[in-house]
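There are 2 protein chains.
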Amino acid sequence: MKKGPVTIKDIARELNVSVSTVSRALADNPLVKLETRLAVKELAKKHNYRPHFTALSLRSNKTKTLGIIIPQLVHEFFSMVIRGIEDHAYANGYNVIISSSHESYEREVLDTKALINGRVDGLMACISKETKDYEHFKEFVDRSIPLVFFDCICDEIEAPKVVLDDFDAGYQATKHLIQQGCTSIAYVGGPINLLINRDRLAGYNKALSEANLNTKDDWIIHCDSGDYEEGRQKSEPLINSKEIDGIFAATDMLAIGAMKNAKKAGLKLPDDLLVVGFSNWSIGTLYEPSLSTMSQPGYEMGLKAAELLIKQIDNPEQTITETFVLKSELIVRESSMTD
Amino acid sequence: MKKGPVTIKDIARELNVSVSTVSRALADNPLVKLETRLAVKELAKKHNYRPHFTALSLRSNKTKTLGIIIPQLVHEFFSMVIRGIEDHAYANGYNVIISSSHESYEREVLDTKALINGRVDGLMACISKETKDYEHFKEFVDRSIPLVFFDCICDEIEAPKVVLDDFDAGYQATKHLIQQGCTSIAYVGGPINLLINRDRLAGYNKALSEANLNTKDDWIIHCDSGDYEEGRQKSEPLINSKEIDGIFAATDMLAIGAMKNAKKAGLKLPDDLLVVGFSNWSIGTLYEPSLSTMSQPGYEMGLKAAELLIKQIDNPEQTITETFVLKSELIVRESSMTD
DNA sequence: TGCACAATTACAAACGTTTGCAACTGTAGG
DNA sequence: CCTACAGTTGCAAACGTTTGTAATTGTGCA
Numbered sequence: 002m003k004k005g006p007v008t009i010k011d012i013a014r015e016l017n018v019s020v021s022t023v024s025r026a027l028a029d030n031p032l033v034k035l036e037t038r039l040a041v042k043e044l045a046k047k048h049n050y051r052p053h054f055t056a057l058s059l060r061s062n063k064t065k066t067l068g069i070i071i072p073q074l075v076h077e078f079f080s081m082v083i084r085g086i087e088d089h090a091y092a093n094g095y096n097v098i099i100s101s102s103h104e105s106y107e108r109e110v111l112d113t114k115a116l117i118n119g120r121v122d123g124l125m126a127c128i129s130k131e132t133k134d135y136e137h138f139k140e141f142v143d144r145s146i147p148l149v150f151f152d153c154i155c156d157e158i159e160a161p162k163v164v165l166d167d168f169d170a171g172y173q174a175t176k177h178l179i180q181q182g183c184t185s186i187a188y189v190g191g192p193i194n195l196l197i198n199r200d201r202l203a204g205y206n207k208a209l210s211e212a213n214l215n216t217k218d219d220w221i222i223h224c225d226s227g228d229y230e231e232g233r234q235k236s237e238p239l240i241n242s243k244e245i246d247g248i249f250a251a252t253d254m255l256a257i258g259a260m261k262n263a264k265k266a267g268l269k270l271p272d273d274l275l276v277v278g279f280s281n282w283s284i285g286t287l288y289e290p291s292l293s294t295m296s297q298p299g300y301e302m303g304l305k306a307a308e309l310l311i312k313q314i315d316n317p318e319q320t321i322t323e324t325f326v327l328k329s330e331l332i333v334r335e336s337s338m339t340d
Numbered sequence: 002m003k004k005g006p007v008t009i010k011d012i013a014r015e016l017n018v019s020v021s022t023v024s025r026a027l028a029d030n031p032l033v034k035l036e037t038r039l040a041v042k043e044l045a046k047k048h049n050y051r052p053h054f055t056a057l058s059l060r061s062n063k064t065k066t067l068g069i070i071i072p073q074l075v076h077e078f079f080s081m082v083i084r085g086i087e088d089h090a091y092a093n094g095y096n097v098i099i100s101s102s103h104e105s106y107e108r109e110v111l112d113t114k115a116l117i118n119g120r121v122d123g124l125m126a127c128i129s130k131e132t133k134d135y136e137h138f139k140e141f142v143d144r145s146i147p148l149v150f151f152d153c154i155c156d157e158i159e160a161p162k163v164v165l166d167d168f169d170a171g172y173q174a175t176k177h178l179i180q181q182g183c184t185s186i187a188y189v190g191g192p193i194n195l196l197i198n199r200d201r202l203a204g205y206n207k208a209l210s211e212a213n214l215n216t217k218d219d220w221i222i223h224c225d226s227g228d229y230e231e232g233r234q235k236s237e238p239l240i241n242s243k244e245i246d247g248i249f250a251a252t253d254m255l256a257i258g259a260m261k262n263a264k265k266a267g268l269k270l271p272d273d274l275l276v277v278g279f280s281n282w283s284i285g286t287l288y289e290p291s292l293s294t295m296s297q298p299g300y301e302m303g304l305k306a307a308e309l310l311i312k313q314i315d316n317p318e319q320t321i322t323e324t325f326v327l328k329s330e331l332i333v334r335e336s337s338m339t340d
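Chains as they are written, first to last, in this note's numbering: chain S, 2 to 340; chain W, 2 to 340.
Think of the hints as simulated: they come from the structure by calculation, not from any bench.
Some clues are possibly wrong.
Which copy is meant is left open, because identical chains are indistinguishable; a pair holds if it fits in one copy or across any two.
In the BS3-like style, the derived pairs of lysine-lysine whose C-alpha atoms are separated by at most 30 Å in a straight line are [to be verified]:
| hint | residue 1 | residue 2 |
| --- | --- | --- |
| 1 | Lys46 | Lys114 |
| 2 | Lys139 | Lys46 |
| 3 | Lys63 | Lys114 |
| 4 | Lys139 | Lys42 |
| 5 | Lys207 | Lys133 |
| 6 | Lys207 | Lys261 |
| 7 | Lys269 | Lys176 |
| 8 | Lys114 | Lys65 |
| 9 | Lys34 | Lys269 |
| 10 | Lys312 | Lys261 |
Computed from a predicted model, the values in this text were never measured in an experiment.
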């Protein structure tokens, strides 16, 4: 007996034919006699033959694998993106390999290097908060390995991109607060070096100026991590000042941090303070009051990114460089309701 | 000029040496003259040479890739498991390929089949709620591909396993409620065909009988999906009956569903009803009242699973079949506090 | 009887590596 | 001057496939 998994060679030997015949028979190539074809296929099934993935890859120079680089895995939005990517990938016969950079530039560089040596047919990336230098992505372009950016993109590299219309989302959210009667609206956002946060802030500003409302430097808060605890701490003085009647938070967690402060300060929600968050995390439906928010269609984004990537892999000659912009929708819940 | 990525051949040609010399030089083999070695390495660096992953795999019959099969990706616990796996894998030069079965038996079978053809060096799996048949895992054993189960395991297959002590956790949680003065404690849990849920329930029963407390059939609720909405609906009659003064929920989401009902029914939390959840999801800290819960060390579980798997890959001869049991710890928050 | 052609099969190269072994240098010692 | 041996290097096989081309059959027809 032999060890390892059964190969085409084993089948060939057992049937006294050549490996090429077996290969062709398995592919149902009419060049090989029907009788032989059936015999080969039967034996293959009997032995539970499965083509050796690596050998296939080497021959075809295709790994049928897509790489994903994301800053975080334990994150509702990114999880949904991955799910979208996976669904489209699987449907097209691709597998997916995920690297989470943990928001570290260093790790991101490491990950890209690990994926560049013919391990994946293409890459989808969302850059980390730390990333300022994009050399590691340039290498993909140099080697003409298809690359797609999503969400946190890098403008300097020519590649298809899938993003949310963060500007419009910020605008919508703020406008909604204005329509609900707010006149002193604060902004609590994530790290300002990320384009998405600059855009959300810009949308906020646009809505304000359109309505001839003012803001103050103190009303604009940037959180480096963007997590709950940081948001809670940084927004505490602002809320205690009782100067404002509305908050647009660029993250649901920041919104909840702010609401906690408000409750602590004895404010009644939503009567004394209206809040709109961002991302439509599931916690927003459970919190009390439930949180108004802007949708962030992660699943659709992943789907689109995978679609663009696979399209590029299949047509290496024509390079796509479009930027796809997905729209965010306002979801009104208790936290911004007036009656 | 040539197209594709630079190979060992290209370097050999350019330097007028053989491929074997280049290969050895890159490996810093002292058989090749220092001068040649340096020249090769310099040129390799200049051309940004990277060994072709697939070719390496084919030669060595190692993919340096670990497979993961999980029921869900968008899930705080599983995300943490993956993070633990990734950390250990990366540290040992492995990559990771994740397939989420979406709790579907069919998809799970598909995923295992996709990974069995020499794509991964080993597999870590957590079976789906639907899975009753384990043939697809037997194949791994047959082909002696290392396999490790975690969390939702399958007893019938001989393989190392990493699990939580769910029985003890259920016992601890219930005992805590008893110590806090509860005498009529209900159980709200997930699908009972999963061992973990049977164990949690058994722990609950043990604690009750130890304290000479009774339960009723109506006080034991099984949710097939285990998600928030199902839990809310199924526990509503129980809570409205006002027969109980404590709930042990086998999931934080189920616990929150129950608490919502309680609030709706006009109960005061935690005065009228104490609740302990399970898994220590982040939402539990934000909800009001904050939720007491049992820790579920996903990161550690992933770490351990990866460690066992890699150990098995490195020592194919000796088969490990131990079951590693991680302990769960009670985390007391407002929802079960009496004062 | 011989030849063309179809039908079926086998051979060999290729994908990018690694590695056992053979082969080639040059130098030193007999 | 020949031999042995160390120091280098190259050849070729192997990993499991696919596929272009050559080789082997058998058949029908002139």
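Query raised in the report: How would you label the pair Lys207, Lys261 (within, between, both, or neither) given a Cα cut-off of 30 Å?
Result: The answer is within: 28 Å in one copy meets 30 Å, while 39 Å across copies does not.
Query raised in the report: Is the C-alpha distance from Lys114 to Lys65 at most 30 Å within one copy, between copies, in both cases, or in neither?
Result: both (18 Å within a copy, 15 Å between copies)
Query - Intra/inter-copy verdict for Lys34 and Lys269 if alpha-carbon distance must be at most 30 Å - result: neither (82 Å within a copy, 79 Å between copies)
Query raised in the report: At most 30 Å between C-alpha atoms: does Lys139 with Lys42 qualify within a copy, between copies, both, or neither?
Result: For Lys139 and Lys42, the Cα distance is within 30 Å only across copies (23 Å; inside one copy 46 Å).
Report task. Since the copies are identical, ignore which copy is meant and state whether Lys46 and Lys114 lie within 30 Å (CA to CA) inside a copy, between copies, both or neither. Result -> Between copies, since 14 Å is at most 30 Å while 39 Å is not.
**Report entry** Intra/inter-copy verdict for Lys207 and Lys133 if alpha-carbon distance must be at most 30 Å
**Finding:** within (27 Å within a copy, 57 Å between copies)
Report task. Could you figure out if Lys63 and Lys114 sit no more than 30 Å apart (CA to CA) within one copy, between two copies, both or neither? Result -> both (18 Å within a copy, 19 Å between copies)
Query - Homomeric proximity label, Lys139 with Lys46: Cα distance no greater than 30 Å - result: between (45 Å within a copy, 17 Å between copies)
Query raised in the report: From the Cα coordinates, with 30 Å as the cut-off, is the pair Lys312 and Lys261 best called within, between, both, or neither?
Result: neither (46 Å within a copy, 46 Å between copies)
Query - Within, between, both or neither, where Lys269 and Lys176 count as close if Cα-Cα is 30 Å or less - result: The answer is within: 22 Å in one copy meets 30 Å, while 37 Å across copies does not.
Figure legend: structure checked against the earlier numbered hints; hints not met, in rising order: 9 and 10.
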